[in-house]
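Each chain is listed here by its residues.
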Amino acid sequence: MPGQGPSRVNDAELIRAAQQGDQAAFEELVRQYDQAVLRLALHLTGSEQQAQDIYQEAFLKVYRNLGSFRFECSFYTWVYRIVSNLCMDHLRRQQVRKEDSSRRVTSEGEEFDLLEQFPDLRAGASPEQDLMRRELGHRITRALAKLNPRERMVFEMKHYQGLKLRTIGEALNTTEETAKNTLFRATQKLRAALADLK
Amino acid sequence: MNCDWVRENIALYLYNELADDARHELEGHAARCSECAAELQAMRAFHIEMSGLPQLEVTPNLLAAARMQLSRALDSAKQRPDWRWALDPMALLRQLRFSPALAAVIFVVGFGGGLGTMYRMSAALHGGALSVEQQQEASIAGIRNITQEPGSNRVRIDYERALPETVQGSLNDPQIQALLVMASRSTANSGLRMDSVDLLRQKPDDPAVRESLVYSLRSDSNPGVRLKAEEALAPMVKQDIRVRNAMLESLLNDNNPGVRAGALKALEAVRDDTSVRQALTQLAKEDPNEFIRQESSRILAQAPNID
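Protein chains in written order, with my numbering: chain A, 1 to 198; chain B, 199 to 505.
Treat the hints as calculated values from the structure; they're not laboratory data.
Do not take every clue at face value.
Claimed, not checked - Once the Cα atoms are required to be at most 20 Å apart in a straight line, the calculated SDA-like pairs of lysine to any residue come out as:
| # | chain 1 | residue 1 | chain 2 | residue 2 |
| --- | --- | --- | --- | --- |
| 1 | B | 276 | A | 146 |
| 2 | B | 276 | A | 65 |
| 3 | B | 276 | A | 19 |
| 4 | B | 276 | A | 20 |
| 5 | A | 146 | B | 245 |
| 6 | A | 61 | B | 261 |
| 7 | B | 276 | A | 15 |
| 8 | A | 189 | B | 261 |
| 9 | B | 276 | A | 26 |
| 10 | A | 146 | A | 196 |
| 11 | A | 189 | B | 237 |
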């Protein structure tokens, strides 16, 4: 997320301007963060439409609550906290429905298998290797589906988004230590699930 | 440091979350302990395995669609507090606990509104050749505050009324232009947006009008409106960097081939610009649209080689 580093000062100026009703400043803030937000939502939901819904809901919440933002944490953390909550709500609902996590839906509503969308294009990749890679993909998605929403969220933010555990803890309204423990449990569960699925 | 500690912290080690001294100790321990070394190796294999999962990436089209959807939602969110009651006055009644008292107030207000004809045209509106016609039927545009006097059934309600008006005047009139700018951002009616952008494109030199056209090009959900805004802005691409950036954004991200083709044509006038050349180079190489690829190559071939 670009707001993590050097743009903090700019962020503060933009936030103050947006708090005073400057629409252009708010749009600029959105553009600094929205790609990372959409990416996180897309990874977790696997659906362009659902990712767009989370994206929209997140920035509407940012817009509605910007007036109460008091710089007690970084804006980056605040935005991630909002997005994380929405993503976890989505994961909880998905868990209740027990959806097949390798099935995905495009924004047009067409369902497809994620793993069919990534043929192995490396030079020399044989059909057998491609098949094995797809099989591995299916195993990983089934293993990820065994995590609870919080473990899934921490693992996604750490392994696939590369966030620091301290940031993850802040985004999930918990401590870095708790985030560490959750990551430990998630990796243990995933390793056990992958071993079972072999 | 013992084996249990190492096993609990190997994940943190691989995710670069251990302090330098702890990293050093963990590596030293794994070098001496074959079981922990095996665990470290297994954890590395797990890491690589998990990274093998294909990940959906955010395409420019998806990002553009999400931004447009958000833009519309923000417009609605901004308009809702003022217009919700006008569009659905019953919603007001549904939400209030003491609706009998409010109903009485609304009845009185409506009766009074029907009797009285309030022309509140400003002096500015009267000036020049602008004529404003006000119709008498007013609706409640928004409730600002409701208080009930303690121990009584008296209620005080501060509200706003929306009075329908018609205005006629020259396209050169600033008030007409301001209303057209407002209409070009109307969320509900794409025909209205189309008409207003069509009229505004006759005045692209005005900064507020130009800003509104840029907004329409970037954010309007209707490709017809975007095309009209694009046509109006095309002559400005040389002199206004914001227009150039909006055109570039449309060329790269718009999901409508016509809008992209229009942006490409407009940007031909500034083909020497570094950012335009970079975009054209990328598009000539890998754009899925054959026309865009070929046109990008053609324009690049005409540009002087300054690299």
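Here is how each hint holds up against the structure:
1. Taken as a hint, the residue 276 of chain B and residue 146 of chain A pair is broken in the structure, with Cα atoms around 41 Å apart against an allowance of 20 Å.
2. Between residue 276 of chain B and residue 65 of chain A the CA atoms are separated by roughly 13 Å; this keeps the pair inside 20 Å, and the hint holds.
3. Simply put, residue 276 of chain B and residue 19 of chain A have alpha-carbon atoms about 14 Å apart, close enough for the 20 Å limit, and the pair holds.
4. Of the pairs offered as hints, the one joining residue 276 of chain B and residue 20 of chain A holds, with about 14 Å between alpha carbons and a cut-off of 20 Å not exceeded.
5. In summary, the hint linking residue 146 of chain A to residue 245 of chain B is supported, as the alpha carbons are separated by about 17 Å, within the 20 Å threshold.
6. Taking the CA atoms of residue 61 of chain A and residue 261 of chain B, the gap is near 19 Å; set against the 20 Å cutoff, the hint holds.
7. The suggested pairing of residue 276 of chain B with residue 15 of chain A holds, with an alpha-carbon distance near 18 Å, which does not exceed 20 Å.
8. Our distance criterion of 20 Å between C-alpha atoms is broken by residue 189 of chain A and residue 261 of chain B, whose separation comes to about 34 Å.
9. A distance of roughly 13 Å separates the Cα atoms of residue 276 of chain B and residue 26 of chain A; the hinted pair therefore holds under the 20 Å criterion.
10. Annotation: proposed proximity of residue 146 of chain A to residue 196 of chain A holds, straight-line Cα distance about 12 Å (limit 20 Å).
11. Only pairs whose Cα atoms come within 20 Å are accepted, and residue 189 of chain A paired with residue 237 of chain B is accepted, the gap being roughly 15 Å.
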